Amino acid sequence: MTEIELLNKIKTAKINRALGVFILIFGLIVLVAITFTETFVQQMTDLVAGMVLILIGGGMFWKSQMNLVQLSTKNKTL
Amino acid sequence: MLAGIDYFIVIAYIVGMLLLGLYFKKFVNTSEDYFLGGKSLPFWAIGMSIVVSDIGALDFVGVSGQAYRYGVSVGNFDWVGSVPAMLLAAFIFIPYFWRGGMYTIPEYLGRRYNKSVRTIASATWILFFALDLGVLFWASAVLLNVLMGWPIWISILSTAGVVGLYTYFGGITAVIMTDVVQMIIMFVGGFALVFLGLHAVGGWENMVEKIITMGPEYQSHFDIIQPSDTTSPFPWTGILFGLTFVMANAYMIGNQSIVQRCLTAKNEWHAKASMIFGSALKMFIPILVLFPGLMAVVVHPDLSDGDQALPMMIKSILPPGLVGLMFAAFFAGLMSSVDSLLNSTATLFTKDIYEPFIKKGASDKHYLKVGQITTLVLLIFGVATSPISSDFPGIYVAIQTFMSYFQGPLFAILLLGIFWKRTTQWGGLSALIIGIAFAVFLNVFKEHFFHIEDPFLYISWWSFLVGFIINVIVSLCTKKHEEKDLQGLVFNTKIVTENTSI
Numbered sequence: 006m007t008e009i010e011l012l013n014k015i016k017t018a019k020i021n022r023a024l025g026v027f028i029l030i031f032g033l034i035v036l037v038a039i040t041f042t043e044t045f046v047q048q049m050t051d052l053v054a055g056m057v058l059i060l061i062g063g064g065m066f067w068k069s070q071m072n073l074v075q076l077s078t079k080n081k082t083l
Numbered sequence: 333m334l335a336g337i338d339y340f341i342v343i344a345y346i347v348g349m350l351l352l353g354l355y356f357k358k359f360v361n362t363s364e365d366y367f368l369g370g371k372s373l374p375f376w377a378i379g380m381s382i383v384v385s386d387i388g389a390l391d392f393v394g395v396s397g398q399a400y401r402y403g404v405s406v407g408n409f410d411w412v413g414s415v416p417a418m419l420l421a422a423f424i425f426i427p428y429f430w431r432g433g434m435y436t437i438p439e440y441l442g443r444r445y446n447k448s449v450r451t452i453a454s455a456t457w458i459l460f461f462a463l464d465l466g467v468l469f470w471a472s473a474v475l476l477n478v479l480m481g482w483p484i485w486i487s488i489l490s491t492a493g494v495v496g497l498y499t500y501f502g503g504i505t506a507v508i509m510t511d512v513v514q515m516i517i518m519f520v521g522g523f524a525l526v527f528l529g530l531h532a533v534g535g536w537e538n539m540v541e542k543i544i545t546m547g548p549e550y551q552s553h554f555d556i557i558q559p560s561d562t563t564s565p566f567p568w569t570g571i572l573f574g575l576t577f578v579m580a581n582a583y584m585i586g587n588q589s590i591v592q593r594c595l596t597a598k599n600e601w602h603a604k605a606s607m608i609f610g611s612a613l614k615m616f617i618p619i620l621v622l623f624p625g626l627m628a629v630v631v632h633p634d635l636s637d638g639d640q641a642l643p644m645m646i647k648s649i650l651p652p653g654l655v656g657l658m659f660a661a662f663f664a665g666l667m668s669s670v671d672s673l674l675n676s677t678a679t680l681f682t683k684d685i686y687e688p689f690i691k692k693g694a695s696d697k698h699y700l701k702v703g704q705i706t707t708l709v710l711l712i713f714g715v716a717t718s719p720i721s722s723d724f725p726g727i728y729v730a731i732q733t734f735m736s737y738f739q740g741p742l743f744a745i746l747l748l749g750i751f752w753k754r755t756t757q758w759g760g761l762s763a764l765i766i767g768i769a770f771a772v773f774l775n776v777f778k779e780h781f782f783h784i785e786d787p788f789l790y791i792s793w794w795s796f797l798v799g800f801i802i803n804v805i806v807s808l809c810t811k812k813h814e815e816k817d818l819q820g821l822v823f824n825t826k827i828v829t830e831n832t833s834i
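Protein chains in written order, with our numbering: chain H, 6 to 83; chain L, 333 to 834.
Hints in this document: simulated from the structure, not taken from any laboratory. The reader is advised that the hints may include incorrect statements.
Said to hold, decoys possible - 20 Å max Cα-Cα, derived EDC-like pairs, lysine to aspartate or glutamate:
1) 358/L x 10/H
2) 598/L x 10/H
3) 371/L x 10/H
4) 358/L x 8/H
5) 447/L x 779/L
6) 447/L x 814/L
7) 447/L x 785/L
8) 691/L x 364/L
9) 598/L x 8/H
10) 14/H x 600/L
11) 371/L x 8/H
12) 14/H x 696/L
13) 647/L x 43/H
14) 692/L x 364/L
15) 16/H x 364/L
16) 81/H x 8/H
17) 79/H x 10/H
18) 371/L x 696/L
19) 598/L x 364/L
As the list claims (entries may be wrong) - Computed beta-carbon distance windows for the label pairs:
20) 493/L x 46/H: 48 to 54 Å
21) 536/L x 15/H: 44 to 50 Å
22) 555/L x 43/H: 35 to 41 Å
23) 535/L x 12/H: 50 to 56 Å
24) 43/H x 705/L: 47 to 53 Å
25) 536/L x 67/H: 36 to 42 Å
26) 362/L x 64/H: 17 to 23 Å
27) 12/H x 493/L: 29 to 35 Å
28) 15/H x 482/L: 38 to 44 Å
29) 692/L x 67/H: 45 to 51 Å
30) 481/L x 11/H: 50 to 56 Å
31) 82/H x 701/L: 34 to 40 Å
32) 361/L x 67/H: 24 to 30 Å
33) 43/H x 557/L: 39 to 45 Å
Bear in mind the structure is a predicted one, so any value in this text is a computation, not a measurement. Each residue gets a CB set at the ideal place from its N, CA and C atoms; glycine is no exception.
Generate coordinates for the entire structure from the input sequences, incorporating the hints supplied.
Here it is in structure tokens:
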């Protein structure tokens, strides 16, 4: 892997980490909104929507964080 | 009106988008970073970005409104009107654009035909995008007005402020990556609305039964193919010839804001895959945009303006929390469409107008600055022209009307340019000018030629046909290009990269 390729991968990982954090926080806010709903169907819809966002955001954050650790190590050895 | 938690969600979303967009400023050092994301982006992000830019606010509000008025036939725009064209783009056209190291579609036309064709095509797109900006800002005002009671100008200015800032600083990387978030939010919010909407109308079958028994005007609401003598804007003849053959291809292959995304891919495989992935996501769009409009027929049967169907559904069906989520989804679509237009127009102006005509050979930093300033100027222009949209009966139809003026002729010269070696610079130029003039003529005298409400599909077909024929006739009468001039520009010849052939 060339240095440019490595830097591009680090850039992508940093971008994905930022996106993951944003989606994760948004999912948490939607979960909090459950307390403002009235019916069971509404609560379940909020719950599912919030969980989907948390899973996607959390997954992106975790994966990109792992990648960043690996890529930073490689970057130091180059 | 929004409850407290919904206000919080919307404001958190807007502030978050702004911060996220500004974060991408650190990845912009050159004009290539600003216009093509440093050619380093992955297919999944680009694919999502293509879809979310296309679906945008216009689809959420406008297509829901069309579904309310005319039924499911409007869904053709996202099925036959997108998927085949995206696959064609992925396998035939994108490799030529990507390997050629191009920034814009007019740049291809300039290399294939001549500088005049490039300039006319670019100027036309710039004009369309600038007018489109106004329509998008107006769409936001319609929703905000119904949902939150905000004055029109307040909503327009707040949208312009947020989108303008992150597009100005972050360039296309900010545009594409915020699109990824926006698509996820839009899909989650959209599916939640469909689920609760279906629950409210008693399920799909119950909704179909209720709508069909509402009167004779609703009998064909669930016919995806409308007869050729229908008074709706979507007769099958228009859908087949105007949409599937011309407008869909022109949009997916010749639209700068779509193709520019593919050009940001890290390699050719990612460029092609982005279109294919986008086409798969596209299949879900009608569910998100059509269903709310259909459900509104049952829940709010007496709306005077179909474009209010979606805002009214959000207001009456969704619980606290999800209203905010859905509104954020709408806002996401709007921002995505606006940021795409801003960045693409800045690219067109900088690369096709400023660089060749105003200041050749300037430093890269200079062109980066020009792109950013163009973004700002466009933003002001879009805000100032937004009230024009209120003169048109449907927001979505207004866009199609603008597009039908030149989509047909533009696609005709693009198609012949890549598939027919014999077409010449004079053929392309005359086809473009006469084709656009013919489209304008048809639109001005449409009452004399067409019997449907808005014949934009027919106009795009006939202007395509005229452009095609003119191109063939004039090309056969003028001197053909030399083989070496066509290298890498015509199908079945070697595709060349920026400097070397492969």
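Hints, one by one, checked against the model:
no.: 1; hint: 358/L x 10/H; verdict: 18 Å, holds
no.: 2; hint: 598/L x 10/H; verdict: 10 Å, holds
no.: 3; hint: 371/L x 10/H; verdict: 11 Å, holds
no.: 4; hint: 358/L x 8/H; verdict: 18 Å, holds
no.: 5; hint: 447/L x 779/L; verdict: 36 Å, violated
no.: 6; hint: 447/L x 814/L; verdict: 17 Å, holds
no.: 7; hint: 447/L x 785/L; verdict: 38 Å, violated
no.: 8; hint: 691/L x 364/L; verdict: 18 Å, holds
no.: 9; hint: 598/L x 8/H; verdict: 15 Å, holds
no.: 10; hint: 14/H x 600/L; verdict: 17 Å, holds
no.: 11; hint: 371/L x 8/H; verdict: 15 Å, holds
no.: 12; hint: 14/H x 696/L; verdict: 24 Å, violated
no.: 13; hint: 647/L x 43/H; verdict: 15 Å, holds
no.: 14; hint: 692/L x 364/L; verdict: 17 Å, holds
no.: 15; hint: 16/H x 364/L; verdict: 15 Å, holds
no.: 16; hint: 81/H x 8/H; verdict: 11 Å, holds
no.: 17; hint: 79/H x 10/H; verdict: 12 Å, holds
no.: 18; hint: 371/L x 696/L; verdict: 16 Å, holds
no.: 19; hint: 598/L x 364/L; verdict: 13 Å, holds
no.: 20; hint: 493/L x 46/H: 48 to 54 Å; verdict: 37 Å, violated
no.: 21; hint: 536/L x 15/H: 44 to 50 Å; verdict: 48 Å, holds
no.: 22; hint: 555/L x 43/H: 35 to 41 Å; verdict: 38 Å, holds
no.: 23; hint: 535/L x 12/H: 50 to 56 Å; verdict: 53 Å, holds
no.: 24; hint: 43/H x 705/L: 47 to 53 Å; verdict: 50 Å, holds
no.: 25; hint: 536/L x 67/H: 36 to 42 Å; verdict: 38 Å, holds
no.: 26; hint: 362/L x 64/H: 17 to 23 Å; verdict: 32 Å, violated
no.: 27; hint: 12/H x 493/L: 29 to 35 Å; verdict: 33 Å, holds
no.: 28; hint: 15/H x 482/L: 38 to 44 Å; verdict: 42 Å, holds
no.: 29; hint: 692/L x 67/H: 45 to 51 Å; verdict: 49 Å, holds
no.: 30; hint: 481/L x 11/H: 50 to 56 Å; verdict: 52 Å, holds
no.: 31; hint: 82/H x 701/L: 34 to 40 Å; verdict: 37 Å, holds
no.: 32; hint: 361/L x 67/H: 24 to 30 Å; verdict: 29 Å, holds
no.: 33; hint: 43/H x 557/L: 39 to 45 Å; verdict: 42 Å, holds
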